[in-house]
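**Student:** One-letter residues, chain by chain:
Number of protein chains: 2
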Amino acid sequence: MSSERLIYLPLGGAGEIGMNAYVYGYGRPGKERLIVVDLGVAFPDMDTSPGVDLIIADIAWLVERRDRIEAIFVTHAHEDHVGGVAHTWDKLQAPIYARTFTANIARRKMDEYGHPDDAVRIASPWPETIEAGPFKVGFQPISHSIPESSALVIDTPAGRVVHSGDFKVDLTPGVGEPFDPAAFEDIAKDGVKALVCDSTNVFSPDAGRSEATIGPDIEALVASAKGMVVATTFASNVARVKTLAEAGQRAGRSIVLLGRAMKRMVDAAQETGVLADFPGTVSPEAARDIPRENLMLLVTGSQGERRAASAQLARGKYMGLEMQEGDMFLFSSKTIPGNEKGVIRIMNQFSEMGVDVVDDSSGKYHVSGHANRPDLETLHDIIKPQVLIPMHGEHRHLREHVKIADGKGITGVLAVNGMMVDLSGNAPKIAEYIDTGRTYLDGSVQYGAMDGVVRDRIRMALNGHLTVTVIMDDEDEPLGDPWVDVMGLPETGNSRAALVDVVEADLSQWLGRQKAKTLRDDEALNDGLRKAARQSAFGEIGKKPEVTVVVSRLS
Amino acid sequence: MSSERLIYLPLGGAGEIGMNAYVYGYGRPGKERLIVVDLGVAFPDMDTSPGVDLIIADIAWLVERRDRIEAIFVTHAHEDHVGGVAHTWDKLQAPIYARTFTANIARRKMDEYGHPDDAVRIASPWPETIEAGPFKVGFQPISHSIPESSALVIDTPAGRVVHSGDFKVDLTPGVGEPFDPAAFEDIAKDGVKALVCDSTNVFSPDAGRSEATIGPDIEALVASAKGMVVATTFASNVARVKTLAEAGQRAGRSIVLLGRAMKRMVDAAQETGVLADFPGTVSPEAARDIPRENLMLLVTGSQGERRAASAQLARGKYMGLEMQEGDMFLFSSKTIPGNEKGVIRIMNQFSEMGVDVVDDSSGKYHVSGHANRPDLETLHDIIKPQVLIPMHGEHRHLREHVKIADGKGITGVLAVNGMMVDLSGNAPKIAEYIDTGRTYLDGSVQYGAMDGVVRDRIRMALNGHLTVTVIMDDEDEPLGDPWVDVMGLPETGNSRAALVDVVEADLSQWLGRQKAKTLRDDEALNDGLRKAARQSAFGEIGKKPEVTVVVSRLS
Numbered sequence: 000m001s002s003e004r005l006i007y008l009p010l011g012g013a014g015e016i017g018m019n020a021y022v023y024g025y026g027r028p029g030k031e032r033l034i035v036v037d038l039g040v041a042f043p044d045m046d047t048s049p050g051v052d053l054i055i056a057d058i059a060w061l062v063e064r065r066d067r068i069e070a071i072f073v074t075h076a077h078e079d080h081v082g083g084v085a086h087t088w089d090k091l092q093a094p095i096y097a098r099t100f101t102a103n104i105a106r107r108k109m110d111e112y113g114h115p116d117d118a119v120r121i122a123s124p125w126p127e128t129i130e131a132g133p134f135k136v137g138f139q140p141i142s143h144s145i146p147e148s149s150a151l152v153i154d155t156p157a158g159r160v161v162h163s164g165d166f167k168v169d170l171t172p173g174v175g176e177p178f179d180p181a182a183f184e185d186i187a188k189d190g191v192k193a194l195v196c197d198s199t200n201v202f203s204p205d206a207g208r209s210e211a212t213i214g215p216d217i218e219a220l221v222a223s224a225k226g227m228v229v230a231t232t233f234a235s236n237v238a239r240v241k242t243l244a245e246a247g248q249r250a251g252r253s254i255v256l257l258g259r260a261m262k263r264m265v266d267a268a269q270e271t272g273v274l275a276d277f278p279g280t281v282s283p284e285a286a287r288d289i290p291r292e293n294l295m296l297l298v299t300g301s302q303g304e305r306r307a308a309s310a311q312l313a314r315g316k317y318m319g320l321e322m323q324e325g326d327m328f329l330f331s332s333k334t335i336p337g338n339e340k341g342v343i344r345i346m347n348q349f350s351e352m353g354v355d356v357v358d359d360s361s362g363k364y365h366v367s368g369h370a371n372r373p374d375l376e377t378l379h380d381i382i383k384p385q386v387l388i389p390m391h392g393e394h395r396h397l398r399e400h401v402k403i404a405d406g407k408g409i410t411g412v413l414a415v416n417g418m419m420v421d422l423s424g425n426a427p428k429i430a431e432y433i434d435t436g437r438t439y440l441d442g443s444v445q446y447g448a449m450d451g452v453v454r455d456r457i458r459m460a461l462n463g464h465l466t467v468t469v470i471m472d473d474e475d476e477p478l479g480d481p482w483v484d485v486m487g488l489p490e491t492g493n494s495r496a497a498l499v500d501v502v503e504a505d506l507s508q509w510l511g512r513q514k515a516k517t518l519r520d521d522e523a524l525n526d527g528l529r530k531a532a533r534q535s536a537f538g539e540i541g542k543k544p545e546v547t548v549v550v551s552r553l554s
Numbered sequence: 000m001s002s003e004r005l006i007y008l009p010l011g012g013a014g015e016i017g018m019n020a021y022v023y024g025y026g027r028p029g030k031e032r033l034i035v036v037d038l039g040v041a042f043p044d045m046d047t048s049p050g051v052d053l054i055i056a057d058i059a060w061l062v063e064r065r066d067r068i069e070a071i072f073v074t075h076a077h078e079d080h081v082g083g084v085a086h087t088w089d090k091l092q093a094p095i096y097a098r099t100f101t102a103n104i105a106r107r108k109m110d111e112y113g114h115p116d117d118a119v120r121i122a123s124p125w126p127e128t129i130e131a132g133p134f135k136v137g138f139q140p141i142s143h144s145i146p147e148s149s150a151l152v153i154d155t156p157a158g159r160v161v162h163s164g165d166f167k168v169d170l171t172p173g174v175g176e177p178f179d180p181a182a183f184e185d186i187a188k189d190g191v192k193a194l195v196c197d198s199t200n201v202f203s204p205d206a207g208r209s210e211a212t213i214g215p216d217i218e219a220l221v222a223s224a225k226g227m228v229v230a231t232t233f234a235s236n237v238a239r240v241k242t243l244a245e246a247g248q249r250a251g252r253s254i255v256l257l258g259r260a261m262k263r264m265v266d267a268a269q270e271t272g273v274l275a276d277f278p279g280t281v282s283p284e285a286a287r288d289i290p291r292e293n294l295m296l297l298v299t300g301s302q303g304e305r306r307a308a309s310a311q312l313a314r315g316k317y318m319g320l321e322m323q324e325g326d327m328f329l330f331s332s333k334t335i336p337g338n339e340k341g342v343i344r345i346m347n348q349f350s351e352m353g354v355d356v357v358d359d360s361s362g363k364y365h366v367s368g369h370a371n372r373p374d375l376e377t378l379h380d381i382i383k384p385q386v387l388i389p390m391h392g393e394h395r396h397l398r399e400h401v402k403i404a405d406g407k408g409i410t411g412v413l414a415v416n417g418m419m420v421d422l423s424g425n426a427p428k429i430a431e432y433i434d435t436g437r438t439y440l441d442g443s444v445q446y447g448a449m450d451g452v453v454r455d456r457i458r459m460a461l462n463g464h465l466t467v468t469v470i471m472d473d474e475d476e477p478l479g480d481p482w483v484d485v486m487g488l489p490e491t492g493n494s495r496a497a498l499v500d501v502v503e504a505d506l507s508q509w510l511g512r513q514k515a516k517t518l519r520d521d522e523a524l525n526d527g528l529r530k531a532a533r534q535s536a537f538g539e540i541g542k543k544p545e546v547t548v549v550v551s552r553l554s
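Residue numbers (numbering that gives the first Met the number 0), protein chains in the order written: chain A, 0 to 554; chain B, 0 to 554.
Here chain A stands alone, though its shape is the one from the complex (with noise of 0.2 Å):
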């Protein structure tokens, strides 16, 4: 069957930390089944997606193939990894395998879009499989940040790839399973074709430490509190919430779950079963009533998203519960990079109530979900696969990644978004190179990151715009003066004169130097006016707006 193929391509995910989407094909070349494991989002920002609500992988590629494509699988139910699944269902409407818990979450979003929850389906551990085309896909559990993550073990006609998914090397993690060595050894004890691996802390030198660890310094923290203790963390990181709140609860504290996110995880975990023996917690109107000494808050909003139940809660009330001087603010969290700003914000904002902030600085009361240098070793040592193909890391992080594949004389691929690799042979290769990018989710619209739209709004965030309006009569003269409106741009500049009254003198000016044959010509008109615009502000404002040009013809 030496013209089939094993194909691996990365759509999101590999050459940046979030958006994950891979995509694994078996077949002729053009003619492979495809599968999908995992349909992730990434978070917008101000500097290069600003008024966006949601990125997506773009899966223009996967669409034009949707009749080849088996099933979707999900390995765990973080935002990065199943948030597609709902704003991609319309387009590639395939059956999504997930465990229990990450398909409680699936649910809901696709409820939430009005899709069919049914189309979510619940697979069963390894060494249970799911057969999809010429696939058999199994999820194996892997200690991570969330419950019931999954390494998938995928069988192919060309051997068998292990998929770590996110993962660290946890034996106790408190809530979901354990890392198991023995449980891997058994997987890769034919031989693994290929192991394709979380990259995230590539560059962490240290071997992780267990969720385990910090329940004792947490319980510390908590019990030396005196006022109201609130502490944040990923809702979707059940464990610590967990450990959060019985360190509440055995300091003698009623439990508040504050914030959407934190309910809704909480209710996914208790209804599938993953999270046992959670302490009892009180309504925020229960609390009122209750002394502050007495109360321990579990909040959304660890990398200080405004709308969050941190971020209002450092601006004031909250459901009716408030912070006060004395009480202690605990960031059980690290902060994404990008996300400083927002977060030193509210920890000032506390700082000015007379708020304790307690962050991760000391090490004492956050652990990483993913595995650090040694741990990814470790999972190698174990998988012992030909071909390590690091994922879900930007660049550095798989170069890095794979210099260790190297190091080991395993043969490392780096492969980012786009680039498909042929793994049938005895040497992967590049098999080709796929147009991808980023889709951007804006309202009820999805559109390309490179369509343009985004651009226009960094300009005009830039250089404020200028809107010019020129009546021409049904003689192509100008009638009247032109007029000028401005937006994001100061009402005066160096001479002191309004600004869009010195425009609109330079406009005039212009208008009566044209011949005939541009004040005829719509684009020239245009083309000119705007010009001008942006010369007359220059020299008023030191800078060149966006201009919009409206002619409007009575002819």
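Check the hints yourself; a few may be wrong.
Which copy is meant is left open, so a pair is good if it fits within one copy or across any two.
To be verified - Keeping only pairs whose Cα atoms sit at most 30 Å apart, straight-line, the calculated DSSO-like set for lysine-lysine is: (1) LYS333 to LYS402; (2) LYS90 to LYS543; (3) LYS407 to LYS192; (4) LYS90 to LYS542; (5) LYS514 to LYS30; (6) LYS90 to LYS108; (7) LYS402 to LYS514; (8) LYS340 to LYS542; (9) LYS30 to LYS90; (10) LYS188 to LYS340; (11) LYS383 to LYS135; (12) LYS402 to LYS192; (13) LYS316 to LYS542; (14) LYS333 to LYS108; (15) LYS333 to LYS188; (16) LYS363 to LYS333; (17) LYS383 to LYS402; (18) LYS192 to LYS383; (19) LYS333 to LYS316; (20) LYS363 to LYS340; (21) LYS530 to LYS543; (22) LYS363 to LYS90; (23) LYS402 to LYS225.
Simulated from the structure, these hints should not be mistaken for laboratory data. The model shown is predicted, which means the values in this text are computed figures rather than measured ones.
Given the coordinates of chain A, work out where chain B should sit on it, guided by the hints.
**Tutor:** For chain B alone, coordinates are given in the frame of chain A:
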């Protein structure tokens, strides 16, 4: 003289890191003679100040009291201390005092804006002093990450104030004067009324390390490199630039300075004699003929700034030089919060080229220029002030610093920008709250941060912009249909028709429903069209754009 008072008023730098601007006054209330310490800038970002070039403190309070300003004293040549002198000169016109190197940098700024550079006067170090009305001010050398940083000894009829400036406790700073405990002991021996003290690193629990400690590690790193070595640091960190250059020289490499600031700072340091024995450099042109393994480039852009040399090298050629596989790029610097994404971007660009990137995560190639908590305590313990006023820090830093003072039995005062402290009596008190804020320098214009300009830009960036043009005939009836233009919005929405067509049709219908009274009323027409356009867009694309309405009347 109980009717006279000594006041301290931060206008910038207290409640933030950056934009330092502090006022001291002495005299009868409302008649105090004033001095200003530092006039720095802060840097804009897309989240809060898109399109802005620089941020300076709002000096309206000072401008109203210009005739009472005796002098401006600049502690050192970092942008957040000296960057505002030229931008405020027109309004303040008070003599500017600084030590030689700082004055050199300040004069370059004055020159650039066409201001008289003899406004900048050179101060000799303490025990020499400058008389400024009721103040006598001396510049006491103190170690920091720039040459000739100084604490100010400010003698007043109400006692001595020590203003630390930015500092670290470094006995072997390489370039510039070491921290001199004996000098400070001497300054403090007759008692110090108040220590106004840098707070930047108050949360760093361990004593800071000397600049001298990193030389050997940098030297070993450069010696181990095979290809070209490129290193970046703040150009103003002349000691570091020298350490890097010497490491290159010892490894037999020719040194190239790249980036305007790098050359300007080395020039200034050599001109003023603070930098001696700097290795000879070669020009970028000459470097092209030198084998790359014999080159070491020292470049600007440690914070990932898009126009700096590092970012240009990350994108391709710069000054004819280009990085290649096997080269090394060293960040001998720390990433300032908020700059992470820019720094990570160039790290990944270098990774794509096969360049090995080394950053400060090992702690071996960078040390901070600010006093850590134990170092702050060293200064407290030497100065033994009656009052400690933390400055140069966010609210959380100031608050933590006050706690340290309280723990030592020193009266700590938490004063953020705009809080005037009366230091005259036995207990300091807040005398007044001044309206302060930030002034944006944008192109050639300065305006207030709260003037709405930037708010409108942010709104356009988040929501896009839509222009509505309507012409009303001489009977106040619409002449033809409304015309719609968009910028920063998708071309089509839910109905798959062009967005502008949908909105135009909706606006036509809306106009058709209006009574003559509304059609004659400009404000009602504007308002109604704006709302109708936003509603129409919302139905189509799920978001409400910013709208400019232009109604032209032929009547």
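**Student:** Check each numbered hint from earlier against the structure, then list the numbers of those it violates in ascending order.
**Tutor:** 5, 7, 10, 15 and 22
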